[in-house]
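Construct the complete structure from the given sequences, taking the supplied hints into account.
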Amino acid sequence: MSSETPESVRSGAPAVLHKPPPLTAKILYSMILYAGKSLAALSRGLQGLKEVIWPPNVRPDLIKTYQCRPHLPVRIFLPASHDASSLHVHPVLFVIVGGGWFMGYNKEHDEWNRAFAHTQSTIVIGLDHSKAPRTPFPGPVHDIEALMLAALADETIPIDRSSHYTTNRVAILGFASGAAVMCVAGVLDLSITTEGKLENRYYKPALKPSKRGGKDSLGPVMPALCWGYVPYGVDLCNPLLSPGYADLSMLPAHVCLVGAELDFLAHEAWRLACRLSREGAGVDHGTPDPGSRETQWRIVGQEQVHSGNPLRGLGEGVADERFAFEEHWQGGGVKWLLVPDVLHGFDNRFYREMDTHREDIRDAEVKTEAYMRELGTWLRERVWRL
Numbered sequence: 000m001s002s003e004t005p006e007s008v009r010s011g012a013p014a015v016l017h018k019p020p021p022l023t024a025k026i027l028y029s030m031i032l033y034a035g036k037s038l039a040a041l042s043r044g045l046q047g048l049k050e051v052i053w054p055p056n057v058r059p060d061l062i063k064t065y066q067c068r069p070h071l072p073v074r075i076f077l078p079a080s081h082d083a084s085s086l087h088v089h090p091v092l093f094v095i096v097g098g099g100w101f102m103g104y105n106k107e108h109d110e111w112n113r114a115f116a117h118t119q120s121t122i123v124i125g126l127d128h129s130k131a132p133r134t135p136f137p138g139p140v141h142d143i144e145a146l147m148l149a150a151l152a153d154e155t156i157p158i159d160r161s162s163h164y165t166t167n168r169v170a171i172l173g174f175a176s177g178a179a180v181m182c183v184a185g186v187l188d189l190s191i192t193t194e195g196k197l198e199n200r201y202y203k204p205a206l207k208p209s210k211r212g213g214k215d216s217l218g219p220v221m222p223a224l225c226w227g228y229v230p231y232g233v234d235l236c237n238p239l240l241s242p243g244y245a246d247l248s249m250l251p252a253h254v255c256l257v258g259a260e261l262d263f264l265a266h267e268a269w270r271l272a273c274r275l276s277r278e279g280a281g282v283d284h285g286t287p288d289p290g291s292r293e294t295q296w297r298i299v300g301q302e303q304v305h306s307g308n309p310l311r312g313l314g315e316g317v318a319d320e321r322f323a324f325e326e327h328w329q330g331g332g333v334k335w336l337l338v339p340d341v342l343h344g345f346d347n348r349f350y351r352e353m354d355t356h357r358e359d360i361r362d363a364e365v366k367t368e369a370y371m372r373e374l375g376t377w378l379r380e381r382v383w384r385l
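Following the working numbering, the numbering of the sequence shown begins with 0 at its first residue and continues without gaps.
Everything hinted at is true.
Calculated cross-link-like contacts (lysine to aspartate or glutamate; reagent style DMTMM-like; alpha-carbon spacing at most 25 Å):
hint: 1; residue 1: 214; residue 2: 198
hint: 2; residue 1: 214; residue 2: 354
hint: 3; residue 1: 63; residue 2: 144
hint: 4; residue 1: 36; residue 2: 215
hint: 5; residue 1: 49; residue 2: 60
hint: 6; residue 1: 49; residue 2: 354
hint: 7; residue 1: 203; residue 2: 359
hint: 8; residue 1: 203; residue 2: 302
hint: 9; residue 1: 18; residue 2: 194
hint: 10; residue 1: 49; residue 2: 364
hint: 11; residue 1: 214; residue 2: 352
hint: 12; residue 1: 203; residue 2: 358
hint: 13; residue 1: 63; residue 2: 159
hint: 14; residue 1: 203; residue 2: 288
Honestly, the hints are just simulated from the structure, not real lab data.
Every value quoted in this text rests on a predicted model; they were computed, and no experiment measured them.
Here's what the structure looks like:
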């Protein structure tokens with residue numbers, strides 16, 4: 000796997016190169032990154048002490064290391080229905096850690112991984128990668144590739160490896176910077192500045208204090224994360240770095256994209272979903288444009304606060320393609336799902352518990368369960384055809 004720019008939808012267009020910022024910005028970015036790393040390490044240490052006293056009930060069934068990356072253990076969650084004495088095998092979902100390439104730790108997704116494994120009868124394998132700035136792009140991508148191949152080759156894990164199916168029983172999910180095949184609140188386009196992206200989401204004063212206001216929590220740190228992860232001179236439109244520029248033929252046959260409405264990263268996922276629908280199924284759900292003068296295409300979601308069911312736009316008679324659509328073509332398909340009125344990280348317990356409003360925490364939990372069911376149904380019925 001090379002860091003050179005593969006063929007993409009921008010073929011023939013000039014490269015958008017990552018350029019060095021001013022010295023003052025470099026100093027500021029360094030302070031942000033290492034302060035973040037220190038706080039994350041402290042938080043993990045305190046969490047570890049807490050778990051010694053009150054062991055969590057979401058621990059993985061197995062923790063393995065592989066010779067290819069011995070410093071990066073993988074966390075393996077088996078379905079509740081699994082019988083170790085039988086030869087029964089299960090489909091597998093690889094989950095790639097988020098954290099802006101710097102601070103994520105695959106243990107942070109244990110709650111989500113355990114819930115998905117139990118409710119969807121699927122093996123879930125949590126993957127980690129080396130962290131920037133010591134390991135910049137494309138190092139973490141190579142780590143994930145090596146660990147996936149090692150786990151798939153490990154016959155002690157009861158993965159369904161049958162070759163007689165028309166599609167294999169393997170899927171990949173990435174949170175935030177780990178966004179890959181099934182993308183949840185993913186970083187898909189690094190060619191657009193953070194300042195520009197902040198204009199592509201709504202800010203809703205009618206929501207509870209923890210969600211309203213004119214600022215995005217990722218806004219102040221995103222430039223620092225990109226600066227520390229991407230080497231100078233790299234094309235920011237490289238599909239290996241910004242999957243939003245990947246040609247349809249470069250992507251898996253089935254792609255699902257999930258966005259959080261109050262997250263400035265949601266717009267780039269919406270753009271990719273609409274493009275794949277046009278190119279794959281010939282169905283036009285519009286052309287979102289981060290620089291459009293028309294609000295409906297420049298900003299993802301809706302200005303009004305959502306009410307009713309946890310998810311919007313699902314079911315007969317309630318379609319709303321801004322929030323949900325699904326298209327299929329011969330051998331492939333795309334699914335778009337925008338979770339209303341939630342912030343980046345709403346589905347991660349560590350981020351949720353930073354909220355002091357119990358009502359908002361419960362709202363995030365309910366919506367996490369709802370989109371998890373929707374993803375599981377899509378995987379099992381549409382992709383794996385179980």
